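Q: If you're matching them up, the sequences are chains A and B in order. Take the first sequence: its letter number 120 is residue 120 in the numbering used here, and every next letter is one higher. Take the second sequence: its letter number 41 is residue 41 in the numbering used here, and every next letter is one higher.
Among the clues, some could well be false.
A pair holds if it fits inside one copy or across any two, identical chains being indistinguishable in the list.
Claimed, not checked - Straight-line alpha carbon distances no greater than 20 Å define the calculated SDA-like cross-link-like pairs of lysine to any residue that follow:
#1 K17 with H255
#2 K244 with P218
#3 K17 with Q112
#4 K20 with E134
#5 K20 with A197
I should point out that these hints are in silico values taken from the structure, not numbers from a laboratory. Note that the coordinates shown come from a computational prediction; the quantities given were computed from them, not determined experimentally.
Number of protein chains: 2
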Amino acid sequence: MHVENLSQNRSFGGWHKQYKHQSASLNCEMRFAIFLPPQTARGEKVPVMYWLSGLTCSDENFMQKAGAQRVAAELGIAIVAPDTSPRGDAVADEAERYDLGKGAGFYVNATQEPWSQHYRMYDYVVNELPALVEELFPVTDQRVISGHSMGGHGALTIALKNPNRYRSVSAFSPICNPVNCQWGQDAFRAYLGEDQAAWQQHDASVLMQQATEAQYLPTLVDQGEGDDFLNSQLRPETLQAAAKASTYPLELRRHEGYDHSYYFIASFIESHLRFHAQNLGLLSSI
Amino acid sequence: MHVENLSQNRSFGGWHKQYKHQSASLNCEMRFAIFLPPQTARGEKVPVMYWLSGLTCSDENFMQKAGAQRVAAELGIAIVAPDTSPRGDAVADEAERYDLGKGAGFYVNATQEPWSQHYRMYDYVVNELPALVEELFPVTDQRVISGHSMGGHGALTIALKNPNRYRSVSAFSPICNPVNCQWGQDAFRAYLGEDQAAWQQHDASVLMQQATEAQYLPTLVDQGEGDDFLNSQLRPETLQAAAKASTYPLELRRHEGYDHSYYFIASFIESHLRFHAQNLGLLSSI
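This is chain A alone, in the form it adopts within the complex (with noise of 0.2 Å):
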């Protein structure tokens, strides 16, 4: 597997550092960010936490305003961030939106025409990208997922669908219920067409609700109230009745007064970041 390097910044002892490829899941050439902490340099292999991010991001929004690397150079912890879409020039968009096309992928394998052609996240970030850095770099196939808003979405409903694949998942501000929401139903229809069961193969409620002790995995999930999108598109309260149906290990968290920006997301990660730890065996149990 072949990538170019395009950036590198030293950061808390480690690197992070910016690659592109040429992605068969998605049909073009990707961006992706690694931060790989200074542990590797020791010649260590260390696991390896997914975030996904939401609408209009890239893979650098995360890297330069999480605050993350910090407390991941403490543990000993990889982040990857992929973007959020398929890019280029001959990749189908909604140019006129910020919810549907590129920087909205959904984190699906879209089966509608034009969006087939490319928006396949769901094969990229669950096969490809994990082979890919699997090879290339110092990192276990231990892992851990997680991300904000649609990439919230996209992490509890990638992790629900592959319990094997990941110790634990965390989000903040998830899309919840994404087939009962303006969000969800117009990227839903345009990428997996009207058929509502192949939605709900998708959404983060009706997953947990079906879930059984084997799909179980250590669920953190962070929300403002401050939040603007919380009655709209977000609805945390459906997932934690989900996970009361199946007696699901969702930990949901509420926040007075913090919103859906990245000033939240800063102020939690740490807590995020030690509960991965913990599921990756990092941490003594508490």
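Please arrange chain B on chain A, whose structure you already have, making use of the hints.
A: Showing chain B alone in chain A's frame:
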């Protein structure tokens, strides 16, 4: 004094807020950002760190990328980030240049047309903005100052010229000797004219070499060895020689591999905040 609140985000138990106001010094509308740590919500007044950003930046870069709020919240320090130049359609600019005009005020009072109409960032940072902040927000008149690159130049020169207004000063990758580098020479020629004596009044190395004991302030400078501008524009060795000549209390640290980006700042901002906290009397001596 009238200010208008533009945005607010909860951050580490405190608040990040942006304001705009009509600046008398700059003769235009200006935006600034403030981080108010959680102590202020409990009725405490806290000291302020002024952060001066580098070329092309606004009030947003540091607040979004440096990850300073965590430690500022712990220590009880407010952070104020002004913009880097006057703004607006009426303000002179060199649109094709990033290092002159808007985004490049260099923290001086311009004496040359057309710049002298608005480019008075020195007065704004030293006098107008602190007066406004200390009137409107729950802060004391205990101040420290820091900055990056052009803003490191600003922090060092402003502290050297006003040692009684600050408890300590720090800088990341400052332009240490602007009278001898392209960025500084171009800016000083435009804003201050051909009079080299005027230039020297805004050169940290010149001022530090001339400093007497009454002007000494605890001073911390961090410089990355992988910084592309190290030898062409920054020249910390000049500052170090100046400090040696006047026995000025400069601590200059060099960091292998780190570049000019906010990844460098984020990696070391905690130690700058703790340095300032100690000089503000917020920590017991070590």
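Q: Check the structure against each numbered hint from earlier and tell me which ones fail, lowest number first.
A: Those not satisfied are hints 3 and 5.
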